[in-house]
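Residue 202 is where the sequence shown starts when you use the numbering used here, and the numbers rise one by one after that.
Be aware that one or more of the hints could be misleading.
As the list claims (entries may be wrong) - In the DMTMM-like style, the derived pairs of lysine to aspartate or glutamate whose C-alpha atoms are separated by at most 25 Å in a straight line are:
| no. | residue 1 | residue 2 |
| --- | --- | --- |
| 1 | LYS373 | ASP286 |
| 2 | LYS373 | ASP318 |
| 3 | LYS405 | ASP317 |
| 4 | LYS373 | ASP395 |
| 5 | LYS251 | ASP227 |
| 6 | LYS219 | ASP294 |
Think of the hints as simulated: they come from the structure by calculation, not from any bench.
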Amino acid sequence: MLAKTYPYYLANQPQTSKIMLDVDADGLGTGKTWGADRYVADTNVGGFDKIPAQPNRSIDANVGLAFDRSANSSTRGRLYMVYTDENGNESNDTNVMLRYSDNLGTSWSSPLKVNDDATNRSQFLPAMAVDQSNGNVAIVWRDARNSSGNNTAELWGTVSTTHGTSVRPNVKISSGVSNQAAAGGVGVDYDFGDYQGVAFANGKFVAVWADNSNSVGGNPNGASLFDLYTAVVTVS
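All chains, full assembly: derive it from the sequences and hints.
As structure tokens, then:
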């Protein structure tokens, strides 16, 4: 069984979109037939929403889906969705939201704000994974909570051990601060790109992200061009 989402941009409204869902009950079988479009949510983050930390490439809602397939989970079959919303259109106060569905997207839980900062700065580019040994959920994202200009970012993350009804206090994963300005080199400005990555298994999640802080040393360009960084987080 497969599920996919896509943004549906609202005409004549700046940087807003609807999140829609399709389900293919046949999965990778012979049918390959997607079902009817299902409305999930509105978001104030549209297709090309420029924020100070990503002013050129812009961000979108960056919707992610993951199924709980764990034989040890009381919510086996639950479908999780993570996405970015904005607290007031064009405010740059973007937040990471989590929802879940127990009926393949026919209905959804109320949105749960994942980031626990008390600022009006940007959180964006979320990624999510489910630990299939127990059904726990890991989420990571770019976070500008410690940026006075809202224009630099760290990698932060959290887990839900309550099947999406709550999340643990956020933790900073990156040890340095990254700045997208000129990070792609002369004439190339992809900002932070479009995605992060995270995998979760047996109580540990592994994040990978682009980082130009040179916080661990060894970058011949110093704190300039991006390197790929990774970290292992143990959930206890």
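Structure-based check of each hint:
Proposed proximity of LYS373 and ASP286 is supported: the alpha carbons are some 21 Å apart, at most 25 Å. For the hint linking LYS373 to ASP318, the alpha-carbon distance of about 12 Å falls within 25 Å, and the restraint holds. For a cut-off of 25 Å, the pair hint linking LYS405 to ASP317 stands: about 22 Å separates their Cα positions. Of the pairs offered as hints, the one joining LYS373 and ASP395 holds, with about 20 Å between alpha carbons and a cut-off of 25 Å not exceeded.
For the hint linking LYS251 to ASP227, the alpha-carbon distance of about 38 Å lies beyond 25 Å, and the restraint is violated. Annotation: proposed proximity of LYS219 to ASP294 holds, straight-line Cα distance about 18 Å (limit 25 Å).
In this structure, only the earlier hint numbered 5 is contradicted, and the remaining ones agree with it.
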